[in-house]
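> In case you want the letters, here they are:
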Amino acid sequence: MSTDLTAATSQTPAAAPETTRNTPVWRPLADILETREGIVLMLEMPGVAPDDVEVTLERRVLTIRGRCRHAEPDALRAVHREFEPGDYERAFTLAEDFDEAAIQASMKDGVLTLTLPRVAEARPRTIRVNAA
Amino acid sequence: MPYTMTLYPADPFALLRRVSEALDRVAFSTPAPVFPAVNVWQNDEAAAIVAELPGVGPQDIDISVKDDVLTIAGERRAPTLPEGATWHRRERAFGRFTRAIRLPFRVDPDQVEARFTDGVLRIALRRPEADRPRRIEIKAG
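From first to last, the protein sequence lines stand for chains G and R. Quick note on numbering: the first sequence equals residues 1 to 132 in the numbering used here. Quick note on numbering: the second sequence equals residues 1 to 141 in the numbering used here.
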């Protein structure tokens, strides 16, 4: 086992003011996918239970927060650390044409999946040309 | 005295290309991030390993122990895309991974316990009873 610390790619501090809780706040890695119906966001938040995720949409800003409840073994001493458990926070600015009421969120194995459907009139429509 | 062609470089972009190649080499020489990231705790009798594996199903994780080496292997599967989908951002990585961790003692393979919750894998390992250090009493006289 090597003893040098390697920075995990996911441990980028979130651009947020200081917190009152003594835990770091990380910016979760995100995959964003455009589908025909809207967009799908997948965010990595290991250690966050589904009940501890908070998704808010206010003035076109989608904010995702995840609170990590991490129990460390108390009878043992830490000998090697590559990641630091912490909370997660990230915000995205959305275009106006999303159906706020229809946003779906699901959490599985530490990955939050958000489905944002576009409002019906913003969806691209194909117009079929009839032969006269 | 005839002019040698070397005064006029045949390829005016040669220098530019050389610099670009040098930059590429620097970029490739940085080590790839280690996946999964692990934290290790231990004392004389036991050890605990915590690994962050978001997006990996418990059925895709293989944990094996031999002597004093614990190996975590598995595969992180990319999500299946719906038809006509395009990427806006790709920050997560997918594929196979293996990580071997050497512990300071031999591990009792019957007493390894692994739990996976919310993308975090926790493994508890114990040292076999026969292998533990014993305190020797000093007799007077």
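The reader is advised that the hints may include incorrect statements.
Claimed, not checked - Calculated Cβ distances over 12 Å to all of chain R for the following chain G residues:
hint : residue
1    : VAL25
2    : THR35
3    : LEU41
4    : VAL48
5    : ARG60
6    : ARG65
7    : GLU84
8    : ASP97
9    : ARG128
10   : ALA131
Said to hold, decoys possible - Facing chain G, a subset of chain R residues (Cβ under 10 Å, in silico):
hint : residue
11   : ALA14
12   : LEU81
13   : ALA140
14   : GLY141
Said to hold, decoys possible - A few chain G positions that, by computed beta-carbon distances, are all more than 10 Å from chain R:
hint : residue
15   : PRO17
16   : GLN104
17   : ARG125
Calculated directly from the structure, the hints in this document are not laboratory data. These numbers were taken from a predicted model, which means no experiment stands behind them. Even glycine gets a Cβ: it sits at the ideal position worked out from N, Cα and C.
> Indicate, hint by hint, whether the structure satisfies it.
Status of the hints after comparison with the structure:
Remark: the non-interface label on VAL25 (chain G) is consistent with the geometry, its nearest Cβ contact in chain R lying 16 Å away (cut-off 12 Å). Against chain R, the non-interface label of THR35 (chain G) is violated: not every CB pair exceeds 12 Å, the least being about 5 Å. At roughly 9 Å from the closest C-beta of chain R, the C-beta of LEU41 (chain G) falls inside 12 Å, breaking its exclusion from the interface. At the 12 Å boundary, the C-beta of VAL48 (chain G) falls inside the reach of chain R, the nearest C-beta of that chain being 6 Å off.
With a least CB separation of 16 Å from chain R, ARG60 (chain G) remains clear of the 12 Å interface cut-off, as annotated. Distance check for ARG65 (chain G) against chain R: the nearest CB is about 15 Å away, which clears 12 Å, and the non-interface claim stands. The claim that GLU84 (chain G) lies off the interface is violated: its Cβ sits roughly 8 Å from the closest Cβ of chain R, which falls inside the 12 Å cut-off. No beta-carbon of chain R is positioned within 12 Å of the beta-carbon of ASP97 (chain G); the least distance is around 15 Å.
Separation of ARG128 (chain G) from chain R is adequate, the least Cβ-Cβ distance of about 18 Å exceeding the 12 Å criterion. Separation of ALA131 (chain G) from chain R is adequate, the least Cβ-Cβ distance of about 26 Å exceeding the 12 Å criterion. Using the Cβ-Cβ criterion of 10 Å, the hint placing ALA14 (chain R) at the interface with chain G is not satisfied: the shortest such distance is roughly 36 Å. Taking 10 Å as the C-beta cut-off, the interface hint given for LEU81 (chain R) holds, the closest approach to chain G being about 7 Å.
The criterion of a C-beta within 10 Å of any C-beta in chain G is not met by ALA140 (chain R), whose closest approach is roughly 33 Å, and the hint is violated. With its C-beta approaching chain G no nearer than about 37 Å, GLY141 (chain R) sits outside the 10 Å limit, and its interface hint is violated. With a least CB separation of 23 Å from chain R, PRO17 (chain G) remains clear of the 10 Å interface cut-off, as annotated. At roughly 14 Å from the closest C-beta of chain R, the C-beta of GLN104 (chain G) stays outside 10 Å, upholding its exclusion from the interface.
The claim that ARG125 (chain G) lies off the interface holds: its Cβ sits roughly 14 Å from the closest Cβ of chain R, which is beyond the 10 Å cut-off.
Comparing the model with each earlier hint shows violations of hints 2, 3, 4, 7, 11, 13, 14; every other hint is respected.
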